[in-house]
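Trainee: Here the protein sequences come in this chain order: P and C.
For the first sequence, counting from 1, position 606 maps to 605 in numbering that gives the first Met the number 0; every step adds exactly one.
For the second sequence, counting from 1, position 166 maps to 165 in numbering that gives the first Met the number 0; every step adds exactly one.
FYI, nobody ran anything at the bench for these hints, they're computed from the structure.
We put the beta carbon where it would ideally sit given N, CA and C, even for glycine.
Errors might be hidden in some of the hints.
Listed next, the in silico DSS-like pairs over lysine-lysine satisfying Cα-Cα at most 25 Å (straight line) [what the hints assert, rightly or not]:
(1) C:K176 / P:K537
(2) P:K222 / P:K208
(3) P:K540 / C:K176
(4) P:K520 / P:K422
(5) P:K239 / P:K160
Covered stretches of chain C (in silico footprint by chain P; criterion: 3 or more residues with CB under 8 Å from a CB of chain P, positions within the stretch not fixed) [said to hold, decoys possible]:
(6) 112 to 123
(7) 165 to 172
(8) 176 to 183
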Amino acid sequence: MAAVTPALAQSRLLLSGNEAVARAVWESGVKVAAGYPGTPATEMLEALSTYPVEDIYTEWSVNEKVSLEVAIGASMAGSRAFCAMKHVGLNVAADALMTLTLTGVNGGLVIAVADDVGMSSSQNEQDSRYWGRFAHVPLLEPSDSQEAHDMARHAFELSEKYQTPVILRLTARICHVKGIVTVGARSAHKNLGFTKNAERWVMVPGHAKRRLPLMYQREQELKRLSDSSPLNVLEDGSDKRVGFVASGPAYMHVRETFPDAPVLKLGMSYPWPLEKVRALAKLVDILVVVEETEPLLEVEINAAGIIAHGKDILPRIGELAPEVLRPAVERLLGRESAAPQVPPAPQAPLFPRPPTLCASCPHMGVYYTLSQLRNLIISGDIGCYTLGAGHPWNSLDSTICMGASMGVAHGLDKGRAETDKDKRIVAVIGDSTFMHMGMQGLLDMTYNRGNVTVLLLDNGTVGMTGGQNSPANGRDIHSQPAPRISFPKLIEALGVKPERIHVVDPYQLPTLFKLLRQETKIDDVSVIITNRPCALIKDFKPLEPYFVDAAKCTGCGNCVEIGCPAIHVIRRDKVVKASGQEVGLAFTSIDSAACTGCGLCLQPCAPDAILPLAAQNVVSIQPL
Amino acid sequence: MTKAITNILVCGIGGQGVMTATEILAEAAIAEGHDVKKTEVAGMSQRGGVVTSHLRFGPHVLSPQIAPGTAHILLGFEAAEALRWMGHLRSGGLALVNAVRLVPPIVELGLFSYPDDPIGSMHKSGINTLSFDAASIAGSFGDLRLGNTVMLGVIADQLPFSAEVLLACIVKRFARKGEKLVEMNRKAFAAGRTAAAQAHS
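Bound conformation, chain P alone (with noise of 0.2 Å):
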């Protein structure tokens, strides 16, 4: 992204919350940023790579790991540092989190984890808050855009009075709305450099015993500050029937519910406020706790003699938006909740709308191929390509973590069952995947004598995330040109024989078919790399497109198993054939402004009907 100039302290702006604590981050005289792209934390990194690069080195690292080991470092060196993650990162990251807690901070180190509260992008929903209390660090909870930036810029303060990480917890729904944040002037951070101390900072078992009781003291420290905090209010209310405790997202949905409700607000929700609490409880006939998603404070509530109700009324899945909390708590207070006026539902249930692959997507071709292939087992990965598990592809048979395509392959040919000894084993991953946490995997095939069929789909950006650099397209986080990796070269280097590894054209058909059939039969590591980019970035140049010359259209249908989303049924029949069985028949059309000229559907086309659409235009002249 582009640089731009910030607006000037105190402009009231229109800010995600990604983009907020971009701003607060910037304003805390941050040195160093890095992060992986991750929904719903992406735009934090992207939002802060616009700002001075005389003022912040931001980078994508390769994975969350790295990007937290690279904010480590810049923090012993005195800079303040800062890393964004989703929260699935921080169980990547969370070996470099575990020590870190030991050795503390130098400069000001923050880690934004973003979960995704009712899993609009992600293969779990998980509750970050579990890292303050694993990890012994200070977690703070913003509830929207303004206390997402006010909340970054106290979370460096604390990390520097504490010399602790601080965890910044936020959810979907506090990165991606928007609201008017009044933002804040920038100060420089004064760095006082790196000291040599080998007793902080080498976590040998002698030094990190010495660590550990100051970890501990740091967090009784913490507890004692919770209760003081300013981020932590209890706001009295004048209907004292059921007091809430409540943080993040859950407190504005509380506070809309139930505006007359004494509400104690958690910014700082670990460690959280004891004393507080027990007032809060004094207050009101009931507590309940409002959390998303464990019942973590309702355990430790009780857990500490105080009766608070929970996960017993409420879901332990997804959000805790309005019209779910009002109807629990009325049940809690024994009334039937008024049934809200809404319009009827539509008669018949609606069609589903998944996600789907675009219009000349280089995944579409091969998971295509991929269906018509028989006796395979495919291990998938955490990206746009996981797609492929749709219809009408239906090809993926195992998703499980990002990286995890290699060993989950190598297990399930390790693994086999002898009525399995047919199945050929085939894994595919994409490019930022592979170099995220593929390598090792790809590595411990060839080592331990694997025998997989690697697809790696090369689409030169990190798509699902909206197509963000990485090292497969050479452009670093500003877009400038940065060292680009050599697949062919780094497969070989990782022991797959050079004759094993195959790059070819995914809008080829034939080729891609041929090869996979050729490589699943042999028993070893063979690597498939595509090498066409996402339709979504500026290195894929749209093509002509193409027509269905109805005329000559039969109504096979083989077009539209390409799945691709800008060729339409536009009719349906059935014909009785000879041998008595019925057929039915699709004829199609192609939506020209979609259609970027990919190929794929002409190739499967019986009678040659798909045409190039400027071709049509040459016909459609008729001579005087």
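Add chain C to chain P, keeping to what the hints say.
Mentor: Same frame as chain P, now just chain C:
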């Protein structure tokens, strides 16, 4: 505190510009001095999935989400999506719908069917619905991409502030891209307003 909040739900599919259109509406509300929150279900939505964008504005907005049965206006960018989300309208709410039918591959494969008459179903359900052929209105100015501006013109006279405020936000957004584009957007916006006025009468 939550009095006098206006709820507008904008729905459509990924790539249609739902989020941008909602952002322009949000900017107009801010220009009028309102507190604003705007939220959407995004993520994988760029790949042709369902997109909804919630816009709430008023003196002070708390929850960013529009609960079912509480939207004042449903701005639909696609016919079946408007039908899908009509339950978010409050009693007496207004649906303004671009009647375009965008049929996904899952329907083309014959696995599901697209409703014959989504707008008719909305009428039958008692929803006050006005539908527009935004593409052909936009097409008359030479660019189908102006369809969203047409729809902003359609909603412009239903807002608790003047249409000029909204137009100013559209103009501001396109100002950098040259006077020609600004002029085309002005025309599309005006055409949307005219179409809405005719539909009402």
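Trainee: Determine for every hint whether it applies to the structure shown.
Mentor: Verification of the hints:
1. C:K176 / P:K537: 19 Å, holds
2. P:K222 / P:K208: 22 Å, holds
3. P:K540 / C:K176: 22 Å, holds
4. P:K520 / P:K422: 10 Å, holds
5. P:K239 / P:K160: Violated, at about 37 Å.
6. 112 to 123: holds (count 4)
7. 165 to 172: violated (count 0)
8. 176 to 183: Violated - the segment 176 to 183 of chain C has 0 residues with a Cβ nearer than 8 Å to chain P, which falls short of three.
Hint violations for this structure: numbers 5, 7, 8, all remaining hints satisfied.
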